[in-house]
Every structure is written in structure tokens, then in C-alpha cells.
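2 protein chains.
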Amino acid sequence: MLKELIIDDYGVNLHKVSERLVLKKHGKVVEEHAIKEMQDLVIGNKCGMVSISLLQELIGNGTQIHFVDFKEEPFTTLYAPGHHGSVKARREQLIAYHDNRGVALAKEIITTKILNQINTIKYFMKSRRGHAIEEELKILIDAMKFHNQKIKNVQGETIEQVRKEIVSIEAHAAKRYWKAVKLILEEKGLEFPGRSWQLQEPVNMMFNYGYAILRTRVTSAIIRAGLETYAGFFHVDRSGRISFVLDVMEIFRPSIVDRPVISLITRGHKPEIEEKEDGSFYLSGKTLKLLRESINNRLESKEEFKGNDYFLRTIIQLQVRDIASFFRENKKFKGYISRW
Amino acid sequence: MLKELIIDDYGVNLHKVSERLVLKKHGKVVEEHAIKEMQDLVIGNKCGMVSISLLQELIGNGTQIHFVDFKEEPFTTLYAPGHHGSVKARREQLIAYHDNRGVALAKEIITTKILNQINTIKYFMKSRRGHAIEEELKILIDAMKFHNQKIKNVQGETIEQVRKEIVSIEAHAAKRYWKAVKLILEEKGLEFPGRSWQLQEPVNMMFNYGYAILRTRVTSAIIRAGLETYAGFFHVDRSGRISFVLDVMEIFRPSIVDRPVISLITRGHKPEIEEKEDGSFYLSGKTLKLLRESINNRLESKEEFKGNDYFLRTIIQLQVRDIASFFRENKKFKGYISRW
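Protein chains in written order, with full-length UniProt numbering: chain A, 1 to 340; chain B, 1 to 340.
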């Protein structure tokens, strides 16, 4: 049971017919899928109606149902209690906040993130040998390595004692990383003002959209592993903030989202934004479609992990399970470093 | 925002029209409700379809959506992350498992349960003065009081050290309680084989159905207070078991479910069961309807709590918030004892 299905088409209704998910539009069947094989179902808010008996069948089957808005931001997730596992791993996760496991995990996550940022830049350097920006990229990578080294020396009994220090190291590395991304994008003539969550600017909006897709995957893996989405370490707890999802996402942002986004642009796609009637901006349908395909292809590509080849989407689940084992059995957690 | 709405009618579809929940049957509007006022929406599996934009509006509004099966058992609950509060209370809840707060809470919950069982029996004794069973009921109450006294002497550092002892006290009291219930029911000529979860027998099925309604209310209150439904104390943690919901339910079972169920029967309702084609049994539509009305009336009745009159449904929420304060700020938790 590994299949993920994304449904987001205007006016599509989701029905159950025996043990199948049947999509209808204007009363006509347009698609059918076996429920048994479905691990995750993503329902976008363009869809029309969903039948209660379908929801019940999916939940009984162990399928997680993610409802997402037009930015792919999940607004809620439905899952069966049984698939949230026992409370043991969650209990240890919450207790780890007060002991040095929280420190060890945050350090490993952030060092992995920085190494994945470095590998993402290295990936783009492969085809840029001898370019004017090559030397500058090398210098930026060296600076990232320099800051990454400092993670090892972070010492403390609880995450609260060391969070500021780790945040500062991460920020120093990120500054160089986004500088490097800017160089790569601007070499292709595309302007990039630097990374920002708020900017209503096409490249940043592409990253945001990509991270929203990643967030659904990571949320799903965390619930499935019986962990708590809200109880993070690197990210501060705030009401309603899924800070542990944000923590785990750090590992995968550079390789699963940034790399395909940058590739799309350097291969010639000019991201477009359109203005809505209410004055807000959103990515054009064409850009969204390309972006979604591109990130999904990335999730469906295989990489080596612990001696075997796995889909990247599977590696997300394996990493989260490793973190659960780290909490439950104190097994050392080793972050996944993507190839370049 | 306190309104709860239960929708469970064959083929009813749930739509959103501007900020209203609109129920349609055969394409015609049958009911309308303002979403703004809705705290909980219970959707039964007899309903047909629900629109995605309605779900999004409800979640955005902070409404919890409970999907229940034909036994009123919730199969899943949808809620907005923001309304699950910060992780602090949950963190302390999970840590309390390993310190003596877990012991104190389990003791208070079980002693409250036994006192509420005693008051439920006393309630029925009021109109049975001079009856043949009066003396026997008094003896049973004295035995329950005797066992309840023992709760005070339970000493231990963690719930795991004392669970067996508390479970044993609870079982001794419960034996007398259900004996008393049996006497009250059999005085009216109705056979009651004693309390059992499994028995396909009308009276036990009525209790089960009532507890399922209570479970939805308690689950809702626990999520709203930012606590974890799975992490109980008195009830052992098992995969997928909402053991903390079961813990909190103990406080309210006698007064919110048992009392109206017993009243229905002693006032003359003969519970009926019907056999399905597959050989399974279920309560008749008439019995279900009466039972649901009766428990909902009970939830809508007022009792005094901390010097004010509150609906019983509100008292559930206040008690759960008190438990959250107990975890967060170590404020003493005092269980709610119902009037008789």
C-alpha cells in the first residue's frame, strides 16, 4: 500500500462504488481507483463533494486523507486512530524536549540540511564547470562547510539551552546557500531578490508551493510513525504550529523542493504570476502544473539509502521511522544525505 | 460558539452557501444553519455527500467535525491545528505518566466515578422509598463507599506502580453498582444479565450506544483543551486506543449515560433489537431515537458547578480544561460530582 493520489479538478465529486474510489464530473465517471492500494489521498479544494461512505471506507483502509487549499497547504488531515500507533513514541518525543536527545536530534537535522544544501549547489555546479560563477559558488560552499563544522561543538543539556546557537549556525549557512541559488538563477537572466516567505514574487512563491507539497508528505509520515506533528525541537512551539513537521522538512527541503524548482527555471521556464480580482497574486496554472509534476517526479526518483535503492518519497517515511526508533529505543539517528 | 449539530438522515447532502451550512435532500433545501455559531458537527454515515468547501469553511471557523458510524462510534474527527492549542499541556500530560501526577489524577477520576455511581443509585432510590429493594440498594451503596475509601490510601510514584490497585478498587465498586442497576431494572420486570461490552442484548447495547455519544463529546473537549486523546493513565496504552478519552469518560458515565438509560427503561420503554441480514443485531430505530433524545436532554440540562449553573455538556469542557490546568500549572484537579 504505497500509492498516493492527488485529486484537484473543478467540480469533481468523489464517490465510493464497492471498494473503489470513483470520480465523477457532471454525473459521468472520469476515473476509478482501488481503495485497497491507497496510502494517501490528497483532495484539493477545487473538488466538489465527497461521500461520507467513501471517507469511512478510506479511514477503515488506513488511507490518510489530506485536504489542501489552492496553495497546496493542507488545511486538515483525516486518519484512523489505529494508524497513529501507540503513544509510546510520542511520549518519548515530548520527554526528549527536556533531555539531550532533543539537542542531538536538532544538531543532526540541521547538519543534514546544510549538507543537502551543499549537495544541491554541487549538483548545479556539475554542468557549470568553467562558468564565471564557479569560483564564487566554491567559496560559498566552503563558507557553508565552515559553519556546518560548528554544529559538532554545540553542547547543552536541553534544546532550549542551545536553540539560539543552532539557529544562528543554520542562518549563516542559509545566507550563503541562498546567495548561491541567486547566482545560479541570475546567470540565466532571472531576477531573484533572495529567499523570503512573504514576498509576492514568482520564484519565492514556487518555493513556498513546493514546501507545501513536502509538508503534506512529511505530515503523513509523522502521523504514520505515531509521532506528534506539533512537538518540534529546532522550531519553537507555538499554538497550532506543526513545529515537528517543520523540523523534519529541513532534511528534505534542498533536495526534494529546491533542486526541482531551480532546475525548472534554469531549464528555461519563466514562472508567471497572475493577479486575482481581490488584488492578491498567485502562480499561473501553467507554472503550478509544471512545478507539481516536477516535484512529484523528484519524489518518484530513486536514491540509495542504507545500501538499497528507494523512492525519495519512501526515504521520507524511513527517516521518520528512524526518528521514532531514536525516541523509543535510543537508536542513533543518521540524517539522509542526498546524492548530487 | 457552543452549538452542536447532529446530522444523520438518509441521503442528506451537506453544502456550503455563503457562510451557511445547507442541507439538501433530492436537490431541495431541508435545513440551514449558520456556521459561525457551530462548535461541533456530528455527521452520521447515513448522510450522502459533503462539500469540500464546507469542510474548509468549518475548519477555518474552528468547528470540529466528527464522523460517526451507525453505532454513534466516531470513526474520525477533523479539526483545525490552531484549535488543538500549543503542545505544552500535552507535553506535561505525557510526562505526568512518569511522575505522581498520573497517580493523583487516576485516583481523583476513579473516586469521582464511584461517587457518581453512588449518586445515580441514590437518584433512583428517591422514588423507591419503602420498596422491597431499598434495603439491598443501601447495602450496595455502603459497600461502594467502603471500596471508595480505599482510593485515598493508594500510594505510589507512578501510575504503573498503582494501576492494578486502582483497577481492583474500581472493579469492586462496579460490581456493586451494576448489581444495584440490575435490581432497579428487574423490579420493573426487565431482565438484565449484568454489564457487558460484548453481549448482543438490548440493555447493554443501549449503554454502549450512550457511551459512544459521550465519547464524541469527551474527545471534542480533549482536543479543544490541547490534550492528547491517546495518553491515558487509568486505561492502559494500546495502539489506536484513545485511552485518555476513556479515562475522562469515567467521570461522566454514571450521570450522563447510565441515568437516562435506566430512566428510559424504568419509565416503561421496552428496548427492542432487530436482526440484520448478516445475523448481527442492532437496536431498533425507535429505541435509538428515544435514547439519543434522552441523552441529549441530559447534556442540555443544567447543574451547579463551582457556584454557577452550567449545561452538563459545558461541565465536560470545564472539567477537561481543569485537567489541562492541572498538567500545565499543577492546579489541583477536583472531579465533578453530579447531583442526585
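Hints were generated in silico from the structure; no laboratory data involved. Cβ coordinates follow ideal geometry from the N, Cα and C atoms, glycine included. Mixed in with the good hints, there may be bad ones.
[Claimed, not checked] If you want the footprint, here are the derived chain A segments under chain B, 3+ residues with CB under 8 Å:
no.	region
1	51-62
2	67-77
3	91-103
4	198-208
Here is how each hint holds up against the structure:
1. With a cut-off of 8 Å between beta carbons, the region 51-62 of chain A has 7 residues touching chain B; three or more are needed, and the interface restraint holds.
2. With 4 residues carrying a beta carbon less than 8 Å from a beta carbon of chain B, the region 67-77 of chain A meets the three-residue requirement, and the given coverage holds.
3. Taking a C-beta to C-beta cut-off of 8 Å, the region 91-103 of chain A contributes 5 residues in contact with chain B, enough for the three needed, and the coverage statement holds.
4. With a threshold of 8 Å between beta carbons, the proposed coverage of the region 198-208 of chain A by chain B is violated, since 0 of its residues qualify and at least three are required.
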